[in-house]
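Residue-level listing of the chains:
There are 2 protein chains.
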Amino acid sequence: MARTILSSATKEVVIGFDQPFAMIGERINPTGRKLFSKELKEGNYWRVKKEAVAQVEAGAQILDVNVGVPLADEPAIMAEVVPLIQSLTDAPLCIDSSIIEALESGLSVYKGRPLVNSTTAEEEVMERVLPLVAKYDCAVVAISNDDTGISEDPDVRFEVAKRIVERAHDHGIKAEDVVVDPLVMPIGAVGSAGTDCFKLIARLRNELGVNTTCGASNIAFGLPNRHAINNAFLPMLACAGMTSAIVNPLHEGLVPAVRAADVLNNNDENCANWIRYYRQPPAEGEEGGRRGRGGRRRRRAS
Amino acid sequence: MARTILSSATKEVVIGFDQPFAMIGERINPTGRKLFSKELKEGNYWRVKKEAVAQVEAGAQILDVNVGVPLADEPAIMAEVVPLIQSLTDAPLCIDSSIIEALESGLSVYKGRPLVNSTTAEEEVMERVLPLVAKYDCAVVAISNDDTGISEDPDVRFEVAKRIVERAHDHGIKAEDVVVDPLVMPIGAVGSAGTDCFKLIARLRNELGVNTTCGASNIAFGLPNRHAINNAFLPMLACAGMTSAIVNPLHEGLVPAVRAADVLNNNDENCANWIRYYRQPPAEGEEGGRRGRGGRRRRRAS
Chain A
0 MARTILSSAT KEVVIGFDQP FAMIGERINP TGRKLFSKEL KEGNYWRVKK
50 EAVAQVEAGA QILDVNVGVP LADEPAIMAE VVPLIQSLTD APLCIDSSII
100 EALESGLSVY KGRPLVNSTT AEEEVMERVL PLVAKYDCAV VAISNDDTGI
150 SEDPDVRFEV AKRIVERAHD HGIKAEDVVV DPLVMPIGAV GSAGTDCFKL
200 IARLRNELGV NTTCGASNIA FGLPNRHAIN NAFLPMLACA GMTSAIVNPL
250 HEGLVPAVRA ADVLNNNDEN CANWIRYYRQ PPAEGEEGGR RGRGGRRRRR
300 AS
Chain B
0 MARTILSSAT KEVVIGFDQP FAMIGERINP TGRKLFSKEL KEGNYWRVKK
50 EAVAQVEAGA QILDVNVGVP LADEPAIMAE VVPLIQSLTD APLCIDSSII
100 EALESGLSVY KGRPLVNSTT AEEEVMERVL PLVAKYDCAV VAISNDDTGI
150 SEDPDVRFEV AKRIVERAHD HGIKAEDVVV DPLVMPIGAV GSAGTDCFKL
200 IARLRNELGV NTTCGASNIA FGLPNRHAIN NAFLPMLACA GMTSAIVNPL
250 HEGLVPAVRA ADVLNNNDEN CANWIRYYRQ PPAEGEEGGR RGRGGRRRRR
300 AS
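If you're matching them up, the sequences are chains A and B in order. With numbering that gives the first Met the number 0 as the guide, the letters of the first sequence map in order to residues 0 to 301. With numbering that gives the first Met the number 0 as the guide, the letters of the second sequence map in order to residues 0 to 301.
Do not take every clue at face value.
Where chain A lies over chain B, by a calculated footprint (3+ residues, C-beta under 8 angstroms) [to be verified]:
hint	region
1	65-72
2	78-90
3	94-105
4	168-176
5	193-204
6	215-228
Just some of the chain B residues that point at chain A, by a computed CB distance under 10 angstroms [what the hints assert, rightly or not]:
hint	residue
7	Ala57
8	Lys110
9	Asn144
10	Val155
11	Phe232
12	Leu233
13	Arg258
14	Trp273
15	Ile274
16	Tyr276
17	Tyr277
Honestly, the hints are just simulated from the structure, not real lab data. All values reported here derive from a predicted model rather than from experimental measurement. C-beta atoms are modelled at their ideal positions from N, C-alpha and C, and glycine is treated no differently.
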């Protein structure tokens with residue numbers, strides 16, 4: 000059973016089939032956000048701090064850290080924000096960059112065992128990222144596309160993922176430290192994007208024994224009421240066997256949907272987390288632990 | 000591929016693997032509702048009418064009709080409310096009673112092809128309900144418990160369901176007209192209630208080829224924030240292969256969760272239903288079809 004063990008200096012988070020679904024907060028990322036990009040370039044990290052704290056408070060167990068701003072010194076920024084975030088929260092981080100120097104820069108200052116986001120099956124990428132993952136003994140997100148691009152055929156995407164797992168093995172990286180991203184297509188463009196993904200997750204889990212993740216919000220790209228799609232997609236992914244996802248934990252309803260999926264997948268023993276988070280506080284004048292007035296009145300209504 | 004064809008006088012609804020998930024509205028049911036019970040006994044059906052219209056407006060494709068009030072003449076009430084509901088809505092109905100005479104009374108006045116709720120594998124029940132289902136050529140909910148009660152072992156529940164399907168066959172009822180309820184336990188009491196159910200649904204679908212349904216809200220009995228559990232459970236049930244459920248479509252978020260699951264299961268071609276239901280109306284002064292002001296402003300925020 001795959002156990003991807005991530006850690007900060009003081010906290011361990013395990014991604015695994017028998018673990019609560021791991022929410023990787025996506026908000027520390029300036030892509031498409033002009034102000035955030037400008038601030039990062041200027042060395043102003045107030046928004047990084049805000050997003051870090053807010054996402055952990057909302058329920059993210061892991062934080063993705065992407066500071067990719069065109070024409071900025073990304074390795075230098077990464078070397079500054081990683082310790083900054085680690086000083087604010089004990090959530091393990093996911094060091095996210097397409098620039099190998101930025102990945103190494105983040106890894107070199109990181110305290111604990113992070114996730115690296117990401118390698119693909121492109122030869123050049125694998126041969127740069129995997130040695131780094133091996134050197135720092137950490138875990139890596141493996142995106143199932145290769146030099147020919149992204150296949151629409153889920154069986155091809157499975158084979159591509161398998162190739163990364165095998166190559167990782169050649170570098171001394173265990174399969175349980177490869178978290179495969181099967182790639183989620185926008186369902187408005189590819190009607191089978193959901194069902195392809197569910198089938199692929201099951202194969203990755205049963206045949207390769209690996210953990211899985213994805214950028215979940217891609218699925219609803221271009222559709223109205225997209226949060227409602229995301230909030231249904233996460234429990235379905237969890238039901239299909241996915242064990243983590245890169246999400247926005249601040250979106251209304253997303254965190255409860257994922258925690259409910261933990262309960263329903265029997266990964267929240269005795270519903271203890273659920274009850275801790277969602278038990279109604281006793282109303283004034285009531286005994287502790289009993290349902291509040293409003294609740295009882297609503298129940299009685301016929 | 001199982002196709003359970005239900006109808007009213009003017010509308011057909013198909014329950015099936017490649018169909019939108021069928022929501023069976025549960026609100027026409029006086030259980031635990033004193034006023035509703037009192038009104039039914041007095042022949043006052045205003046609440047039946049209200050619940051029928053409200054549930055269909057909310058998105059229910061089928062309405063469960065249960066008028067079980069202790070010491071009332073249930074067959075007589077059923078004979079009155081079925082035509083009344085059919086005069087208000089074209090949604091097919093699910094005639095729901097534990098009293099065989101009430102079932103027959105509802106069936107005898109029904110226009111179209113209803114669902115009968117329900118038989119169990121108890122000998123006496125099967126031998127009373129199944130002949131009725133055969134006589135009226137309709138479909139039936141099969142609850143997987145027998146004379147020994149409800150087994151906690153999902154494999155036993157599978158065998159019990161199989162026995163009902165076989166007995167139905169002896170009465171000339173096709174497997175596609177048997178909609179199996181695998182029985183959902185409260186997850187607060189049985190931690191594996193969700194995962195048992197998901198596995199059982201897959202077996203029922205793959206090995207017996209039948210449609211499935213359940214009283215979904217049972218799962219969250221006794222837990223706080225139970226709607227959030229239900230709203231995650233429905234997409235997970237749909238992902239596991241369930242094709243219908245008895246639900247309260249008036250609960251916030253439930254209908255969008257089910258419709259999102261249709262999109263994600265590729266049972267909403269080109270997302271046409273989704274877009275029809277959830278496209279934002281154009282804001283004042285905007286061109287048709289474009290995103291409203293508030294939406295754009297939110298997107299721009301960094």
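Taking the hints in turn, this is what the structure says about them:
1. 65-72: violated (count 0)
2. 78-90: Our answer is that it is violated, as 0 residues pass the Cβ test (under 8 angstroms) against chain A, missing three.
3. 94-105: violated (count 0)
4. 168-176: violated (count 0)
5. 193-204: holds (count 3)
6. 215-228: holds (count 6)
7. Ala57: violated, 15 angstroms
8. Lys110: Since the shortest Cβ distance to chain A is 29 angstroms, the answer is violated.
9. Asn144: Cβ of B:Asn144 sits 22 angstroms from chain A, so the hint is violated.
10. Val155: violated, 19 angstroms
11. Phe232: Hint holds; B:Phe232 Cβ to chain A Cβ min 6 angstroms, cut 10 angstroms.
12. Leu233: holds, 8 angstroms
13. Arg258: holds, 8 angstroms
14. Trp273: The hint holds - B:Trp273 has a Cβ within 10 angstroms of chain A, the shortest such distance being about 6 angstroms.
15. Ile274: Holds - the Cβ of B:Ile274 comes within 10 angstroms of chain A, reaching about 6 angstroms at its closest.
16. Tyr276: holds, 8 angstroms
17. Tyr277: With Cβ-Cβ at 4 angstroms, under 10 angstroms, it holds.
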